[in-house]
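There are 2 protein chains.
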Amino acid sequence: MFSNALPGLTDELKQVSQEMEVLLPKEWNRGEVGSIIQAVLAGRGKGYRPSLLLLMGRLGPDYPECKKRLYRLGALVELVHMASLIHDDIIDDSILRRGNPTIQARFGKDMAVYAGDLILGQVLTILLQDNLQQSGLLIAKTIKDMCQGEIGQAACRYRTDITDKEYYDNIYGKTASMFVNVCKIGGIESGCDEETIQCLGDIGLHLGYLFQIRDDLLDFSANNLEDGKPARMDFQEGIFTLPVLHTFLDPACRGGLEELVKLAKQGRLSPADYTELDRLILSAGGFDYAVSMAEQHRAAIGQKLSELPPSKTVDVIRYLVSLLELPKLRIGR
Amino acid sequence: MFSNALPGLTDELKQVSQEMEVLLPKEWNRGEVGSIIQAVLAGRGKGYRPSLLLLMGRLGPDYPECKKRLYRLGALVELVHMASLIHDDIIDDSILRRGNPTIQARFGKDMAVYAGDLILGQVLTILLQDNLQQSGLLIAKTIKDMCQGEIGQAACRYRTDITDKEYYDNIYGKTASMFVNVCKIGGIESGCDEETIQCLGDIGLHLGYLFQIRDDLLDFSANNLEDGKPARMDFQEGIFTLPVLHTFLDPACRGGLEELVKLAKQGRLSPADYTELDRLILSAGGFDYAVSMAEQHRAAIGQKLSELPPSKTVDVIRYLVSLLELPKLRIGR
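Chains as they are written, first to last, in our numbering: chain A, 1 to 333; chain B, 1001 to 1333.
Misleading hints may appear alongside valid ones.
As a list, the in silico DSS-like pairs of lysine-lysine whose alpha-carbon atoms are at most 30 Å apart [unchecked claim]:
{"hint": "1", "chain 1": "B", "residue 1": "Lys1067", "chain 2": "B", "residue 2": "Lys1014"}
{"hint": "2", "chain 1": "B", "residue 1": "Lys1109", "chain 2": "A", "residue 2": "Lys265"}
{"hint": "3", "chain 1": "B", "residue 1": "Lys1165", "chain 2": "A", "residue 2": "Lys14"}
{"hint": "4", "chain 1": "B", "residue 1": "Lys1141", "chain 2": "A", "residue 2": "Lys67"}
{"hint": "5", "chain 1": "B", "residue 1": "Lys1141", "chain 2": "A", "residue 2": "Lys109"}
{"hint": "6", "chain 1": "A", "residue 1": "Lys312", "chain 2": "A", "residue 2": "Lys46"}
{"hint": "7", "chain 1": "A", "residue 1": "Lys141", "chain 2": "B", "residue 2": "Lys1067"}
{"hint": "8", "chain 1": "B", "residue 1": "Lys1067", "chain 2": "B", "residue 2": "Lys1304"}
{"hint": "9", "chain 1": "B", "residue 1": "Lys1304", "chain 2": "A", "residue 2": "Lys109"}
{"hint": "10", "chain 1": "B", "residue 1": "Lys1026", "chain 2": "B", "residue 2": "Lys1014"}
{"hint": "11", "chain 1": "A", "residue 1": "Lys141", "chain 2": "B", "residue 2": "Lys1141"}
{"hint": "12", "chain 1": "B", "residue 1": "Lys1068", "chain 2": "B", "residue 2": "Lys1014"}
{"hint": "13", "chain 1": "B", "residue 1": "Lys1165", "chain 2": "B", "residue 2": "Lys1312"}
{"hint": "14", "chain 1": "B", "residue 1": "Lys1265", "chain 2": "B", "residue 2": "Lys1304"}
{"hint": "15", "chain 1": "A", "residue 1": "Lys141", "chain 2": "B", "residue 2": "Lys1026"}
{"hint": "16", "chain 1": "B", "residue 1": "Lys1141", "chain 2": "A", "residue 2": "Lys26"}
{"hint": "17", "chain 1": "A", "residue 1": "Lys68", "chain 2": "B", "residue 2": "Lys1141"}
{"hint": "18", "chain 1": "B", "residue 1": "Lys1014", "chain 2": "A", "residue 2": "Lys141"}
{"hint": "19", "chain 1": "B", "residue 1": "Lys1046", "chain 2": "B", "residue 2": "Lys1014"}
{"hint": "20", "chain 1": "A", "residue 1": "Lys46", "chain 2": "A", "residue 2": "Lys26"}
{"hint": "21", "chain 1": "B", "residue 1": "Lys1109", "chain 2": "A", "residue 2": "Lys141"}
{"hint": "22", "chain 1": "B", "residue 1": "Lys1262", "chain 2": "A", "residue 2": "Lys109"}
{"hint": "23", "chain 1": "A", "residue 1": "Lys68", "chain 2": "A", "residue 2": "Lys46"}
{"hint": "24", "chain 1": "B", "residue 1": "Lys1165", "chain 2": "A", "residue 2": "Lys109"}
{"hint": "25", "chain 1": "B", "residue 1": "Lys1026", "chain 2": "A", "residue 2": "Lys165"}
{"hint": "26", "chain 1": "A", "residue 1": "Lys26", "chain 2": "A", "residue 2": "Lys141"}
{"hint": "27", "chain 1": "A", "residue 1": "Lys141", "chain 2": "B", "residue 2": "Lys1068"}
Hints in this document: simulated from the structure, not taken from any laboratory.
Isolated chain A, as found in the complex:
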């Protein structure tokens, strides 16, 4: 995915991967702990978050000297992301993640809780050891925001009156906060001025929203093999995203949708119900609404990028954003 964008980025991501292995204590290689950590590392994603951190780190005057810190912080951010995925799997009771068995499916719920905590404990160790105070505080904020986003989302489950504001608050915590903070960390470590750091944070914010809304839309696309999850899991689990929220607002569709919510809550949705769900959302223009919101965030990113001095790095970031294509929803069309 990124190798086309910039050969240098691929090399730097390799440095981040090496750093991750360095950060994980050798003694963990033995026994159960080692097996879990290896399984987690093997299931790693594409490294979108460290990539952003590295790219933003190129924008400041101190870039050449701060490279090592950027690799280390990229690794720490990826470790936090991994820990959060492990803990999320416990809750979803997921069997698969990105097509691979989850830690809890392979090793049990116990192991998943402690493997995540163990990684967080190691992140804490490195942040203190390396005196990464300023960036460390942003990582700590990210961890707390992620929890609050998940708690907020859980509190909204199956509620048919949740607002766009509540939805945005939840995805800010779940996803966007991490994007904001990795962008800011890149700017801080490379010595950007306050105004630029704020601008990078704003880019991260809109990118996080775009990323999550796209993810929500992917959940509605019929063959969602990318992360190994079956389609329309969110609705089944009572997590209502923009297409659904918009449909609640349509008086002609609300009643029908509420019926489906009742069935979802009882775990009794049939294939015909899913077709009806798609029909209602299409009829209310729910998909188009979510797509238009996503495009608004994409436009905001473009606007913020244009405020930065033009550079090869800015072009690469623009290219990375363009890779986040929205799914074509062909269902019922």
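Chain A is fixed; fit chain B onto it per the hints.
Relative to the frame of chain A, chain B by itself:
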């Protein structure tokens, strides 16, 4: 429990409690997060860990100036302990903790995972913000040791060949590491010399072992109301403690015990099986063995305390240790 020991300690524990409330962000008071945190705070224990930290903190020359830091670190240690209890409950699928409903029973598994992580995120924030590097690293080590102890214990479940060494490794992580590190933190913050800090760590180590072996024995006492858990849960869950390990070594009892292990694994232990379990352990001298091990650790604490210059504080620590009475096991006797 502690108010008899020393009125001053009770006052200082109040300072720790206040500090805990200060450390928990005001915005958490709203909504679900607030309800969870309040429930966790309400279910707090007696504060054995912060008490130890405070007492050890009286032994160094800098005691008067480091008081505020001791209160803060006492609060952080208690928060880490709380987070670990919340996460342990997820695994035990416990309904009660100290007679109160657990977080997962009241709010669901999702909330329990994230409430624990949220607390850890806040601990990380404060450690970085207050530049508590040296003590922070010990807290980070404790978090990792606790995870490794639990992972090690899970890997030993239902194994009939586990050794005393493996048992001790697991309880070191689960329990003793925290005791070692709170004692060291007290010594470090109050400016004790290296040798004294090592001695305080050793006291913590043996106290941790004594504490856990006592807890294991309490699990065998018929009316274990203290922490709201039913008796002999450990054996049922395949967590074999010293009385059981010792019984495996007796050729006359091993066969019968292995039969009970099979039943435990299948969740099919009857009341008669529990009576048989007690009979086998008594016959092999398993309870006496565990008691003698606990008393060895108590003696080692006494030895280490006698190496410190005599003081009122040392007497108080000695008194606190004496409060850890071993249960009278009357079963079948």
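Taking the hints in turn, this is what the structure says about them:
no., hint, verdict
1, B:Lys1067 x B:Lys1014, "13 Å, holds"
2, B:Lys1109 x A:Lys265, "17 Å, holds"
3, B:Lys1165 x A:Lys14, "40 Å, violated"
4, B:Lys1141 x A:Lys67, "28 Å, holds"
5, B:Lys1141 x A:Lys109, "23 Å, holds"
6, A:Lys312 x A:Lys46, "22 Å, holds"
7, A:Lys141 x B:Lys1067, "28 Å, holds"
8, B:Lys1067 x B:Lys1304, "24 Å, holds"
9, B:Lys1304 x A:Lys109, "40 Å, violated"
10, B:Lys1026 x B:Lys1014, "19 Å, holds"
11, A:Lys141 x B:Lys1141, "21 Å, holds"
12, B:Lys1068 x B:Lys1014, "13 Å, holds"
13, B:Lys1165 x B:Lys1312, "36 Å, violated"
14, B:Lys1265 x B:Lys1304, "41 Å, violated"
15, A:Lys141 x B:Lys1026, "15 Å, holds"
16, B:Lys1141 x A:Lys26, "15 Å, holds"
17, A:Lys68 x B:Lys1141, "24 Å, holds"
18, B:Lys1014 x A:Lys141, "28 Å, holds"
19, B:Lys1046 x B:Lys1014, "11 Å, holds"
20, A:Lys46 x A:Lys26, "24 Å, holds"
21, B:Lys1109 x A:Lys141, "23 Å, holds"
22, B:Lys1262 x A:Lys109, "22 Å, holds"
23, A:Lys68 x A:Lys46, "20 Å, holds"
24, B:Lys1165 x A:Lys109, "26 Å, holds"
25, B:Lys1026 x A:Lys165, "21 Å, holds"
26, A:Lys26 x A:Lys141, "28 Å, holds"
27, A:Lys141 x B:Lys1068, "24 Å, holds"
The structure does not agree with the numbered hints 3, 9, 13, 14 stated previously, though it agrees with the rest.
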